[in-house]
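Enquirer: Sequence:
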Amino acid sequence: MTAELGAIRRQRKGKRRAPARRPRWLVALGLCGLAAGLVGAALIAREAALSPWLRVRAIDVRGTQRLTQDDFRPLLVRNVGQPILLLDLEDTRRQVARIPGVREARLARRLPDRLEAVVRERRAVGRASIAGRDCLVDDEGAIFSSVRPLPGDAQLPELRGLVTLSGSARLDAADLPAVQAVLALEKAIGGAPPDGTTIDLTPKDRIVMRPGKDAPALWLDRADPGKNLKTLFAMKDRVASAAPGGSVDLRFEHRLTIVPAPDAPGDATQTE
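Numbered according to numbering that gives the first Met the number 0, the sequence shown spans residues 0 to 271.
In case anyone wonders, no lab produced these hints; they're calculated from the structure. Bear in mind that the values here come from a model prediction, so they are computed numbers and not experimental data.
Capping the alpha-carbon separation at 30 Å, the derived lysine-lysine pairs in DSBU-like fashion look like this:
no., residue 1, residue 2
1, K212, K186
2, K226, K212
3, K203, K229
4, K235, K203
5, K226, K186
6, K235, K186
7, K212, K229
8, K212, K235
9, K226, K203
10, K186, K229
11, K203, K186
Label-pair ranges, simulated between beta-carbon atoms:
no., residue 1, residue 2, range
12, L164, R93, 19 to 29 Å
13, A214, R56, 46 to 56 Å
14, D133, L75, 21 to 31 Å
15, W52, R93, 19 to 29 Å
16, H253, R169, 25 to 35 Å
17, D223, D171, 15 to 25 Å
18, G166, V76, 18 to 28 Å
19, G62, D133, 20 to 30 Å
20, L75, R122, 17 to 27 Å
21, R109, V76, 16 to 26 Å
22, R159, G189, 22 to 32 Å
23, D59, D90, 11 to 21 Å
Don't be surprised by glycine CBs; every beta carbon is placed ideally from N, CA and C.
Start from the sequences and build out the full structure, keeping to the hints where you can.
Expert: Quick look at the structure:
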């Protein structure tokens, strides 16, 4: 009897009906409803993004010392009234980075209607006059002016003999050795150049640096402005006593050549 009941159960299991399939029209109707819902949600989101309450009204700028709000006014005029949620932050960040004096910038939305720009300004390493316009130069050769000067600007090394044209955003390649000379001097002395330092590119075969008002003139290699500088400052007292009023030629490897002043007697001497 038990065997017969088991056989009957197995037969009933085998005759179970497969689950009924939903009609295709019902599936299509469900998909249409889902699509309509997504489209509706997108339209609602777009309407919200275009709301007058979510439009740029101000840009808060942080991290500035030299730059003022006036430097960022063109950026504000360009973006004010734009939907803040649809604004391309990367494009706006590039706009900020193109402002003279800005080295890099980060942008963020501050809902409902403000942008926040955090900037890092360029570090001036020298000052110059290009076509009669006073300007500052950073360690990359970028040119900018300072509406709000900082303490110490007047003591920055003066760059002379530049060929960069008026209106340029960066120094001409021929003038970059002047910046490299300033950086080499900072490295050699472990700090800011002395007050009254000048860097002159007028001679075509060398850079003439005077590291301080009363310092001797140093002739630097244009291709390697830092050559022999560290050695020179390690023995500066000896060099100064050897040729008062003269110049020191640093352009030759492992050799300092003391060039006497034009009215001083004697030939040039060398110091290893």
